[in-house]
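Chemist: The lines below spell out each chain.
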Amino acid sequence: MSEKDIKNETDHMEVGKFYFVNNKYDEAVAEFKKVLEVNPNNSEAYYNIGLIYETSNNIDEAKKMYSKALAINPDYKTAREKLNKLIGLGDE
Amino acid sequence: MKKKQFGVVGLGTFGYNVAVELAKKGVQVLALDNDAEIVNKISELVTQALVVDATDEKAVLDAGIADCDSVVIAVGGIETSILATLIVKELKVKSVIVKCTSLWHSKVAAKLGADTVVYPEFEMAKKLVDGIITPNILEQIELSKDHSLAEIVVPKEFVGKTIRNSGIKSGYGLNIIAVRKQIPIVDDDGQTDIKEEVNMVPGADDEIHQGDVLVVVGSKDSLEKFKKVKEVK
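These protein sequence lines map, in sequence, to chains A and B. With numbering that gives the first Met the number 0, the residue at position 15 of the first sequence is 14, and numbering never jumps. With numbering that gives the first Met the number 0, the residue at position 197 of the second sequence is 196, and numbering never jumps.
Excised from the complex, chain A in its bound form (with noise of 0.2 angstroms):
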């Protein structure tokens, strides 16, 4: 990836976490989309997309964002903390 391609990820992940704080929801999930079009191995962007869609209550697609983010990172915390809640674990 070059220099320019990390500072564009970089970039839209700010901007999105941006929108994502101020409730602006489409605009955020259409950054972080711009970040996984980058680099499609940012599991972040799926974990936020994520908590979008389970801010929503739009849980199946939640699940779906949650899971991509640990197939892209099996040791991620929250994503996995997050999907195993709404898969219905609890905190087991």
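If you're looking for bench data, these hints aren't it; they were derived computationally from the structure. Treat the numbers as computed from the prediction; the structure is a model and nothing was measured. Ideal placement from N, C-alpha and C gives every residue a C-beta, glycine not left out. Among the hints, erroneous ones may be present.
Quick list of in silico lysine-lysine cross-link-like pairs, PhoX-like style, CA-CA up to 20 angstroms [claimed, not checked]: (1) B:K160 / A:K23; (2) A:K23 / B:K194; (3) A:K84 / B:K180; (4) A:K84 / B:K194; (5) A:K84 / B:K126; (6) B:K194 / A:K62; (7) B:K194 / A:K16; (8) A:K16 / B:K180.
Selected chain B positions facing chain A (in silico; Cβ < 8 angstroms) [unchecked claim]: (9) V152; (10) Q181; (11) P183; (12) I184; (13) V185; (14) G189; (15) T191; (16) I193; (17) Q209; (18) G210; (19) V212.
Once you've looked at the hints, dock chain B against the given chain A.
Modeler: This is chain B only, laid out in the frame that chain A set:
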């Protein structure tokens, strides 16, 4: 004040978990089963665990069931459950709760004087089906024959409106008593997360947001009407 005492007869999956959860609440729990292995397993988690045949009246009496304020009969077989219920009722336990496995089982238990019959498989199946059919209803609790309390994911057509303008009260006759919200957060390290906030006193001019969960009270007819509103997707 004397600690409440509970008895659990039958330590299958249901009974075992009832006994353990009761013990976690800090009450005294007497757990009985005829399987020494399971009794041994639970012995450190409850006040007292004994190997007892639930159909042996003397053994049940000697175990101290009569001293319990409430007893849960959770044995598997219907015949054993009925005999155990009869024995515990004759020992004059104040409250006898019987876990049933069929409608007929629950009718017999009620005839024998069970104070409460529970039918967890049936209740869970009903809840599961409700959740599959109407996924925007997260929870529904019956308050009376005609009224329920429900947690509803706000349908898309109400997003952006105030509670007053949504028509949920005037049009559907539902009272919103609380609103659960998922709040997006980014911490100092840039890590994203969501936290839940509950507004226990929603005002008429509060705006409804996407993903809000409304806790409403109303008649079952009103709730049925509201359930037909197009779901959030």
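Chemist: The structure should be examined with respect to each hint, and the outcome stated for every one.
Modeler: Going through the hints against the structure:
no., hint, verdict
1, B:K160 / A:K23, "holds, 17 angstroms"
2, A:K23 / B:K194, "holds, 16 angstroms"
3, A:K84 / B:K180, "holds, 17 angstroms"
4, A:K84 / B:K194, "holds, 14 angstroms"
5, A:K84 / B:K126, "holds, 18 angstroms"
6, B:K194 / A:K62, "holds, 17 angstroms"
7, B:K194 / A:K16, "holds, 15 angstroms"
8, A:K16 / B:K180, "holds, 19 angstroms"
9, V152, "holds, 4 angstroms"
10, Q181, "holds, 4 angstroms"
11, P183, "holds, 5 angstroms"
12, I184, "holds, 7 angstroms"
13, V185, "holds, 5 angstroms"
14, G189, "holds, 7 angstroms"
15, T191, "holds, 5 angstroms"
16, I193, "holds, 5 angstroms"
17, Q209, "holds, 5 angstroms"
18, G210, "holds, 4 angstroms"
19, V212, "holds, 7 angstroms"
When held up to the earlier numbered hints, the structure conflicts with none and fits them all.
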